[in-house]
Each structure stands twice: as C-alpha cells, then as structure tokens.
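Protein chains in written order, with our numbering: chain Z, 1 to 349; chain F, 1 to 341; chain A, 1 to 750.
Hints were generated in silico from the structure; no laboratory data involved.
It is possible that some hints are incorrect.
Unchecked claim - Only part of the chain F face toward chain A is listed, based on derived beta-carbon distances under 7 Å:
{"id": "1", "residue": "LEU58"}
{"id": "2", "residue": "ASN59"}
{"id": "3", "residue": "PRO155"}
{"id": "4", "residue": "LEU210"}
{"id": "5", "residue": "THR332"}
{"id": "6", "residue": "PRO339"}
Stated by the list, open to error - Below, a list of computed lysine-lysine pairs in the BS3-like style, where the Cα atoms sit at most 30 Å apart:
{"id": "7", "chain 1": "Z", "residue 1": "LYS206", "chain 2": "Z", "residue 2": "LYS170"}
{"id": "8", "chain 1": "Z", "residue 1": "LYS114", "chain 2": "A", "residue 2": "LYS660"}
{"id": "9", "chain 1": "A", "residue 1": "LYS660", "chain 2": "Z", "residue 2": "LYS156"}
{"id": "10", "chain 1": "A", "residue 1": "LYS548", "chain 2": "Z", "residue 2": "LYS154"}
{"id": "11", "chain 1": "A", "residue 1": "LYS660", "chain 2": "F", "residue 2": "LYS44"}
Said to hold, decoys possible - Okay, the calculated beta carbon distance ranges per label pair:
{"id": "12", "chain 1": "A", "residue 1": "THR569", "chain 2": "Z", "residue 2": "PHE298", "range": "27 to 37 Å"}
{"id": "13", "chain 1": "A", "residue 1": "THR569", "chain 2": "F", "residue 2": "GLU48", "range": "18 to 28 Å"}
{"id": "14", "chain 1": "A", "residue 1": "ALA496", "chain 2": "F", "residue 2": "GLY235", "range": "34 to 44 Å"}
A virtual CB, placed ideally from N, CA and C, is assigned to each residue, including glycine.
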Amino acid sequence: MAAAAVSLNALTKRFNAAPPSVNNINLDIKPGTLVTLLGPSGCGKTTTLRMIAGLEIPSEGRIMIGDTDVTRMPPERRDVTMVFQSYALFPHMDVYSNVAYGLRVARRPVAEVKERVAEALALVGLGGFGDRRVDALSGGQQQRVALARALVMKPKVVLFDEPLSNLDAKLRRRVRGEIRALQQRLGLTAVYVTHDQEEALAISDKVVVMNAGRIEQIGSPHDLYHRPASLFVADFVGRANVLQAQWDGHAVQLGEMSLPMDSPLPAGPVQLILRPEGVRLARNGEAGLSGRITDLAFVGGATEVSFDTALGQVEAAVLETEAAGLCVGDTYRLAFDRSSTHILPANAV
Amino acid sequence: MKFKQTFLASTIVTGLMPFGAVIAQDGGQVNVVCVVSEWCDAMKAPFEAATGYRMEYLNLRSNESLVRLRAESSNPTFDVFYGGTGDPHLVGFNEGVTEFYRPANYEELNEQFRNAIGETYLPLYANPIALVVNPQVLEDAGAPMPESWADLTNPAYRGLMGMADPNSSGTAYTVIATLVQLLGEEEAFELLAGMHQNMAEYTQSGSGSLGPVGQGELGIGVIFMASAVRDKAMGFPIEIVVPSEGTGYEIGGISLVANGPNPEGGKAFIEYALSVEGQELGNAAEQLQIKANVNATQAEGTPDLSAINVIDYDFATYGDPELQGRLIARWTNEIFPVPRR
Amino acid sequence: MTFITLRDSLTAHRGLTTPVVWALVALALWLLLPLGRPGRAFFPLNYDFHAFALPPGFYWLVPVAAVAIWLLQTTRLISMDRISDWQAALALSAAGGVIFFLFGTGTHFGWGALGTVLALLVSAGSALSSNSRIRGDTFVGASVFIALVFVTVFIVFPLLLVLRTAVWIDGTLTLSQFARTFASPLFLFLDNPFTEISEMGRVTTMIWIGAVTGAGLSVWRTGRIALSWRMIRPIVIWTLSGMAIGWALGIMIWGRGALPSSLLVACIAAPGGTALGFALALLGQRTRSKPLRGMLSVVSVLPFITPPFVIGFAIIFLLGRRGMVTYDLLGISPIDNPLYGIPGVALSQILGLAPVAYLILRGSLNGLNPALEEAARTLGASRWRVFCDITWPLVRPGIAASMLLATIESISDFGTPLVLGGDRNFLATEVFLALTGRYSQPEAAVYGTVLLAIVALVFVGSRVVLGAQGFTTVTGKPASGAFLPLPVWFEAILTAVALFWFVFILALYLTIFYGSFVQLWGINNTLTFQHYREFWQVGWPVLWYTIKLSAASAVPAMMLGGLIAYLVTRHRFLGRSYLELGSLLSFATPGTVMGLAYILAFNDGALLMTGTSAVIVLALVFRNMPVAIRASMAGLSQIDRSLEEASSTLKAGSGVTMVKVLAPLLLYPLLAGLIFAFVSAMTSVSQVIFLVGAGNNLATVLLLSWVEQGRLGRAAAMATVMIFGLLALILLLLVVSRRVDVRNSKKGMK
C-alpha cells in the first residue's frame, strides 16, 4: 500500500478550557482521494483542517504529509493549500495577482507564473478574467478564483473549508460537481470540511463523521448511509427513524413483525434504524406495523408522511403515485425494505 | 524569502535611524548655554567670523541652565555658560560644574563687579532691579506713581502688581535678598507681606510681569531693569522707577564649563564675549544691561549705575544656597499663603 | 532563487540555520565594530572601545556564544527542540552579558554593542520560533524580542528610574523626599494659619460626610445589613471610597497647592470638555444643517495642530485683564478679572479637550445601530424619549472613555498652566519647576511619581466603573439606516452652544493671525511684516529642524506602532501584555514626567544619548507610537484573519504577508497614524523641553520662550505658520481618508 498522503496520529487540540475541541483523531488519507470531514458546527472538523494546514498547532499527536512530519511546521513550509469559507481573496489585488500570489512569493520565473495562472484560471472556467477586480465578481466566480489560487500551487493536498456555504442552493450543487470533477481529473488529494451531509455524500471517496471532537465513523458514503456505526451518524447522515426492537440473531422482532437480516450483534434488545424512503405502505396480506397518519407534507417528487405507531413516531417518504388518497387520521400498516434497515446495540448513542 | 530578510533588515534599520541623525561634534564647535538669547543671535556670525569656531547655543533660563550643566557634569556637552543672573554661576563654581577662567582683558572689566563676586565667575553685565510701571493703568485706578519700596504697600495698588515666584525664579529671590539687605529680615518680610496684598499674581518667569504691564494687564511689575528699558524703547507705554531707598542688582555672568568638550573654543568664546566688540554686540541686540567691559560703549538708554542708588549687594552671603533656601521657604510659608483682603 | 538555493544547501551542509546565521552576524559585528564610544558622538568609530580593548576576559563572550550556537546545530548532540531552546538561551545570555557589561562599567554603548545585541535578539527569536515556543517564524520571533527590548529601554526603564530617583537619595533608600514634598505648601497647603476658617477641620468634615454617604449608599444598594464578610466588604470599600472622595473634594475647595489645583482643573475640564464634545458630536451626526456639519468637521481639527499654550495666550487677549471682550466690551475691572488661575486653565483645557471628546464620541455615536432608535420610535417613544432611553445609555461607555482620556490630558497639560496658571501651581509644571527652578531631581521625581500614581488611579478607577469592557472602540462600523433627528428645542440649544464655541474659537485664531501682523499687540496696531521677517531669520531654521526631526520620528513611530499592533492582535506570546502595558504607559504618562525620565535614563552611562538629536527623535517616537498602534489596531480589526491564513498557506512567511497583504490594506490607517504622529511631534512641548540641546532647539520650545519674553508678535507669526502648515496636512489626510472610506465600502470590507 502506498504511504498515506496525509496521516493524523492521535491528534488532539485543546483550547483554553476542557474538553478538547479535537480529541485523539487518527486518520489516513490515501493519495488521490477526496475525504470529507462532516459534522455539526463545533465538532472540531474545521480545527482539524486548520491543523493540517498549519494554522493551528496541535496540543498532542502528529501530522504527516507524505513522509514528512509537519506537526510543528509553519503553514508556509507545508505542501498544502486551502480554499477558505470566506474565500479570503486579497481585496487589493486583481484576479490574476490573487492567483499568482503564491507563485510570486516562491519567486517562480515570470513566464512560468503567467502560464500556470492562465492554466489554473482556464481550469476553473475563468480564462480571461485575470484583470478583473475580485470585488467585481459574483460569489461563484470568487469561489473559483479561490480554487484556482489553491490549485495553481500544485500542492500535495488541497484543503477545503466549507467552500460552498456562501453560495445559493443551485450554484452549490453545480460547483460541488465541478470541484469533484477537477479533483478526479487532476488526481488531487483533498480534505473537505462541510456540515452539509448531502454535499459530503455527493463528492467524497470517504467521509469522516465527527462529533464533539471525536471521529464517529469513517467510511464510504454508501457505508455511512446504510451501515451507520452510531445513532449519531444515522441521524446526521440522512434522515432516520429509530425504533426499539428485539434481535434474536437472525431477525428483528418488531411488534408482530419479523425482519430477517444479517448482523454480528449478539441477541438482545437493539435499536432499529429505518430510512424514511424504506418505509412503505404494506401490501395486502403483508405483515406490517400499524400507524395513523398525523401529518402530510408534499415536498416535490415525494410526500413526507408522519405515522403514529405503537413503537413511536415513524417518518416515511412515499412516492407521489402511492400517496394519492392519503389523509390525516387514516390508519395504515407499514412495511420496511430490508436494504434500508440497520440495527445498533440498544445502548448505542 | 528575500522579502522576509529585507523587511526584517528594514525594521532594524528604522530602529537605528535616529542614531544616524546624531550631530557629529568636532573640535571646531563651541556649545553655549545661553540665557540672553538675542545677544547670542547677534554674537553668532561675528564670533564665527572672528575666530573660525562654529557656535551652537541653546536658550535656557538661568536656573535651568545650571540644572542642565549639573545634570551633565560627568559628561558635559556645553563649553560656556553665557549670561543670566549670578547665583547659578556662583553655585556652579562652588560645585565644580564651572571653573574660573581669567581672560586676557580681565583688568578691563568693571572693578566694582569683579570685587563683588571675586574669582568665581566673570562679570558680563550688571542689571539693577527696578519697578516697571504702566502709568495709564495707575491713572485709571486713581493710584499715584510709586517712588519707593514702601509705596508698594499702598492699598491703591490692590490687584495691580506682579512679581515672580521665588520658588521658580532667581529674579524674585534677588528682590527678597535686596529688601533683606536694605531693611533687615523682619522689616523686609513685613514689606513683602504688604506687597503681597497688592499682588495680582506671582509669575513663574522672572520677567513674567513685564509683558502684562506693557499690555496694560498690570500696573506695576518688579523686574530687572534692562528688559524694561528695551520694551519701553520698542514702544510699550511703560515707565521705569528705581525705588528711592535703593535697589539691588545682579551681575550677569559668563563661565567656562568644567571639562567641556572644547575648552579651547570655550575660552576663545569668553575672550570674545568680554572684548569691547563682543560687549557692544549686545547693544545692537537691544541688550541694555550695563556692560562689564569699561571700554565698551554703553547703549543708549542703558541705566547708569552711578545715577542709581544701588546697594552694596553681598553676593557671597546671599548667593549661599542655604540662606537662599531659608529665605525662600520663609516667604513660601509666611507670605504666599496669606489670603488677600 | 540563487540566494535561496545557496542558503538551503548551506543550511543542509553546515547547519547554517537562521538562528546560527544571525549569531554569526552578531559575531561579525562584535569583531568589526567598536563596542562603545568615548563621548556623545557616534562617529567617528573609536577602536579604543573595541571589545578586545576593554577589560580582559570580556571579549570572548559573544564569540563563545556564537560558536556554541553553531556547534549545537552541527553536532546535534541533543534533540532538535532542545537545540533551539539552548540556542535561544545562549543568544539571550550573550545579549544580556553585553548589556550587563555596559551598565556595570558605565561604557557608553556604541555601534558594536547595538548591532550585536540586536543580532543576538533576532537569533534568539528565530530559535524560539523554529520550535514553536513563539508561534510564528523568524520575523515574528525577532520582532517580539526587539519590541520587548525597545519598550523596556525607552518606556519602562526610564519610568522606573523616576521612581528610583524619588526614593534613592544620596545612596540610601528613603522616603524623606516624599515626606518633604507632601509637607510642602507648594504641593498641598491645607491648614492656612492666616485664614479665619480651619481648612483642615472642614476637610475632615468632608471626609466624614464622604464616609457616611459611602456606607449609606452601599447599604441602600444591597438593601439589608448582615454580619457576614460578603456584606461587610462592600460596605468597607464604599466607606473608604467615600472618605477618599470627600477628602479630594475638601482639598479641592479649601486647599491650595499643586495637587488640589491639578485635581480641580481636571474635575472641571474633563466633564466640561466631554460635555462640549458630546454636544458637538450629536450635532455633527444629526443636524440637518449642512454648513454646521462642515464647520464641525473642520474646526474640530484645529486644536490638534495648535500647541496648547498658543490657545492660552490668545485667550489672554480676548479675556485677560485688558482683554478685548472682558475689558473693552464688558468693562470688567482688571482687578476683578478671574481669568488667571483655575478658571483660565480650565477654560483653555475645555476648548482643547472638546475636539478630542468629539472624535471619541462621534465614533461611539456612529457605532450605534439606527434600527434601535427606529424601533423605539415605532413603539411610540418621542424623539426625546428615544434620546433618553436608547441613545444616551448606549453611548455612555464612550462618554466614560472620553472622560478618562480628558482627565489624563488635563492632569498632564504643561503649557496652559505655564501661561494662564497665575499664581496657582500645578503638578505637571511643578515637575518642571522643581527641576529647573529649585535644582532638585528627587523633588521632580516625587512630583512625577505622584502624577503617575494619579493617572494609574484614574485608569484603575475607570476599569472598575466600566467593568472589563475598558475602552469602547472608537471606530464603530457604520450601520445602515438614518439616525433620528434631535428634538427641535434640543437641537436649537446644541446649535447655540456650537455656534458660541465656533465664534470663540474663530476669534482666538483670528487674534493670533492678526497679532502676527501688528507692530505691538494691543498697543500699536500698525500693520507690519516685521514679525515674519524676524521669524524667517530666527524661527524658521528651528522650525525646519523641528519638521525634519518630527518626520524622522513619525516613520519609526508608525512602523513600530504597526508592528506592535500586529504582534499584539495577531499573535500570542509571553510578554504580550507587557507590550500592551508599555504602550499604555507611554500614552498615559504625562509628558514632563517622560521628559524627566529620559533625562535620568539617557544622560550618562551605558545609554548616554542626551544632547544628541537621537534622544529627541526617540522620545518623540515612543511618545507618539501609541497613536500609530491604535490606528493600526483599528485597521487590523477590519481585516479578516483568513486573508493572512490564505497568504501563509500560499507559502508566504509572516514578513511577506505583512508587506504584501496587510500593509497595502492598512495603507490608509497607517498613513493616518503617520500624519498624526508627525503632527503631535510638531506640537509637543512637555516631553522635549528637557531634551533640547545646543543647535537642536525645537519650534514649540522656542515659541514658549518667545511668549515668556513677551515677543508675542514673533510668536504669533510662528504659530500662524505652524497652524496653516499643519492644517493643510490634516485636510490632505481628511480628503485621502474620505476617498478610502468610499473605496473600502465598495470593497465590502467588514
């Protein structure tokens, strides 16, 4: 196996007060992959990113980039660039000078600077924008200048600190696609911080879910969604219904229903995770959980239906075709798709 | 990288910059503490032309000059202490801050002055204490012209008189010492107490009441005469009165600073300042004190010491810092705080 | 490129890391330059004072340290982190050794000592930054050390010498000078045997009234009495404060001497100046009258560009015993004219302080959110209610800040009491008079200590009153929306006050202007250019010299101020609060005390510099540095940190970031700092009056001596030239800053 591009070893950061903002993080990032740090605000993801950049010094632990220990190295000596949430474009420079800044600081020959800046701007679709003032650009364009400024350095690792949070929903979708495409085309190693789970799932090779300074789970987007390691992950990544159930080693007993599934958990009480899109109305004769509709919300493409059941509230996303005729107050039996269920120990949080 | 170095270097260089502005002092320069600034203005060019030295001077008050010289005594920057009332010169000599230098024309200097101060410092000029009066102000107030020290206690002058504070001015001390020599200490303080009742204010500077009298703010000021003569010539509506009982005077001095940076230059300056030429330069600068060099022409309007009833001022006794301190403290405790009616 | 390559290869092969290189630079300077100098002159170099010519055994100090620093790096006997620590320790102890030697032997420092010590500091700074003891790179590390040393040598050390001089007399530690001064009627004169009333008795009564009021207030605040420490402590504190206030009020009313005079003037001038400033600021922000606004913005800069005593002597001509207003117009008898003394000084200070208060309060008014007032209006409050309920409480911290500043300035003022003080004496002038009139350094030092103590007390007091909040920021962010106009009657009152003030100020300046053209002020009103001719001959060379020195001091003041602001706001390091304290000290210390401190510190021995223009420049640099610090801090607070972080992730060190990113963005705040530093250097008197020497007299000192000699025409001519020159400069700054405001708001900078 090739050496990890970035490797975090027992990384801990304490600011003034306990508990630590980042608590004993271990993570290896393979070259050429895009890894997302996902979590609610205050979970330590940005602090972790800033430690990789060198903008914070870890309290404990070690950071390797390639074969180099960079733990205490100042940012300017690391082979890492960063795209900031605020973009941090230098307001007194035009687009070209912003992008050329790092190369000029490194005293690259003028011709090379010119060529590489043009290349970088073309890469982000801003060819010919070089002499624009940065404050004359739209948000999306500013974001791309920031990206070009980071990419032009050809760093070992590019860091993204919530780069899309200042864009509107539509633009966000498009730009994230572009970032992912660029990353794959150039074979970049990237660390990406976001609190938007959809964004994380959409662009990552691997997602690291963080909570309260700790890593909750590392996995592919698919793993996270379908096999969350904790209640927190289940709830944070996608939407989830959590029901108390009994596990006998082969199937989950849920009231009168029995859902067969595979799990290494020992028999006993468990928590059943149900994705809303895996909840459907039971077909005739099919065993199901009885529930009364308490709320209906049409969200386009699907209808979100809330059911009151004996085991608690259950949310379902029902296709529009099936939703026709549903009324608040009606009682239905609910069935669950096996692929969108997952169990966790009863004491998991 | 280079930027970092450059920036660092430039920061350090900027830190050092002030040192670059240092005056380079060589053997050709004479530094003078100067109390009589106009005289120095007038001296500069002719002195430089006559001797080839460059002259730099700083205008300070006489007491201030001594403080400065004393503070610098381990490493003096000045060569000559020029002008100003005699006490600081005397104290400076006694403390070893200045030294006596006998110029070639010592015998040309007024014998009365020389004898009064002995071989401590050199007499540059003499300057009697007098009353400067604005007749208009007195007339407006319906008060008579004063003629004597005793007149100054006349209640008609209430709020019209000004004098310096002896705590900050040598002039005021000379007034007190004059009165003590004239009347004896107890009577002198009685007189001062009476004057106090008429005072509008005590100024910080010795000649501080001259300006207000000239401007009509005050009616009577007690000051050294020469500057009043000058102001009168300039057109201020003032008169000068020498008190009939007699008056004290100062012997303005010139001293060589001990261990100055350029002793030869300092001596050359003293020789020049006491020469007929140097003394007469003061006339041109409206310095109307009585010049010490008897061969020098006195400027028009200069007080004639023989025509004035001057007392035989005892410089040695009343220049003693201890007596001085006691008299000033007595004034400060017994006269100054008395409320005016 | 080649430089870097060379450097990198050297670093790799010979262990020539940055700390080592700077240690070797120190060694080179040690070998090349003489360590000391014989007298004041820094040139020519005198090799009799080379390290090798000085006492035996001393010359090895720096060579050994430098070589050891190098060997540590090449031999790598200990771990990397420890290497850096040891290198820093070696560099610092070598620097300390040099300083210790200079002070111990009284050798005047020369180029060699200066260069070696600075290079060693850079070496130590880069060593400590390379192992992250100091967050940052060589630039930050070195800057921290150099800033710490500068602040120590030029601010803290001289002030400590003042304290030492006050208690260390003739080789013994004694409080006798304090006892003597406190007992002196010049300081505080309470029990006057010549008055019928007993001042002491009345003051004692005031103390008791204060104690009872304090205790009563404290009980009333808590509402009950209980015998626990938590209850008693506030009662004790309030009672003691009440007693102190009662005593202060008592001596102000019945006492005489420097202490009550200074306190009384401060108690009148600070609230007065603040109130006037507040009226002007309110009006400037909210009046609908355009000419009024223009007038306020222009006239409010006048006092900044005028030496304080110039206003003082103009006041004499308007309000003096024979003043145009008091005598000619109102017919007040000269004997009854109360100008000289407390009233004159307080009036002059109110005029001088109002614009300072105006600027502070304008800032804090502009920082308010207009939406709050609009909200109150929509809830049915009248304009006057809005002012009382919303505007006033929100602007109160600004008022407190302005009061604090005004109190300090009033107590420190030196020129005004000298001109208008009459026969009251004041603390700031007593420092000067004790030194120059009574030849007593210890007495001057005692007065200096008292002044420092009062300033410190005012600071601590304001901290207690304002809580941890401290200063409000003067530069608020302008919120959108329009401020409510003032109630009509209120605006009318304020306008009347402003117009009165305007006319008075105008009259003062016209007096000076007119006075510079008439033969004999008030006596002979023939117009003449004579004073300008005299000014040109005698005054101009001095003024030109002053301009050069002020310019020479403004640049380092700005750079050092900018650097300290950067270090303090953007970095965390040991000694950070010390730097802040240092800049606070240099800002709050009264000028005469600082002047005294410089005379004490630089007159002899290792740091001998008096009698050179260097010491004047340095005095001005450190006096005006706080202005630059505050300008830079305000600018830095507007720049998002991510810009610097972006720069550093793009491989720029903090030095490069400062030059290429921060400096261009801070250009105008820095420029403003530069110009203000220049202007205040031009107009400062109190600090430099002790330091001027032969051939380096300064304009303000000359001006003061002309005023004292009664050469008012000439003084007015010079004052006029200075006022017009500086006014032009300030207006230029205003134009520039207005353009910048527009530019920045376009940029959408926070």
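Evaluated hints:
With a cut of 7 Å, the hint placing LEU58(F) at the interface with chain A holds, because the nearest CB-to-CB distance is about 4 Å. Annotation: ASN59(F) was flagged as interfacial toward chain A, and the flag holds, the nearest CB pair being 6 Å apart, inside 7 Å. With its C-beta approaching chain A no nearer than about 12 Å, PRO155(F) sits outside the 7 Å limit, and its interface hint is violated. Look at LEU210(F): its Cβ gets to within about 6 Å of chain A, closer than 7 Å, so that hint holds up.
Among the interface hints, the one on THR332(F) holds; its C-beta lies about 6 Å from the nearest C-beta in chain A, closer than the 7 Å criterion. Because the smallest distance between the Cβ of PRO339(F) and any Cβ of chain A comes to about 5 Å, under 7 Å, the interface hint for this residue holds. Taking the CA atoms of LYS206(Z) and LYS170(Z), the gap is near 24 Å; set against the 30 Å cutoff, the hint holds. Proposed proximity of LYS114(Z) and LYS660(A) is supported: the alpha carbons are some 19 Å apart, at most 30 Å.
Between LYS660(A) and LYS156(Z) the alpha-carbon distance is near 25 Å, which keeps this suggested pair within the 30 Å criterion. Between the alpha carbons of LYS548(A) and LYS154(Z) the distance comes to roughly 50 Å, so the proposed pair goes past 30 Å and is violated. Pair hint LYS660(A) plus LYS44(F) does not hold up; C-alpha atoms about 51 Å apart against a cutoff of 30 Å. Hint check: THR569(A) to PHE298(Z), Cβ distance near 52 Å, so the stated range 27 to 37 Å is violated.
Separation of THR569(A) from GLU48(F) is about 53 Å and departs from the stated range, judged on CB atoms against 18 to 28 Å. Checked against the hint of 34 to 44 Å, the pair ALA496(A) and GLY235(F) passes, with Cβ atoms roughly 41 Å apart.
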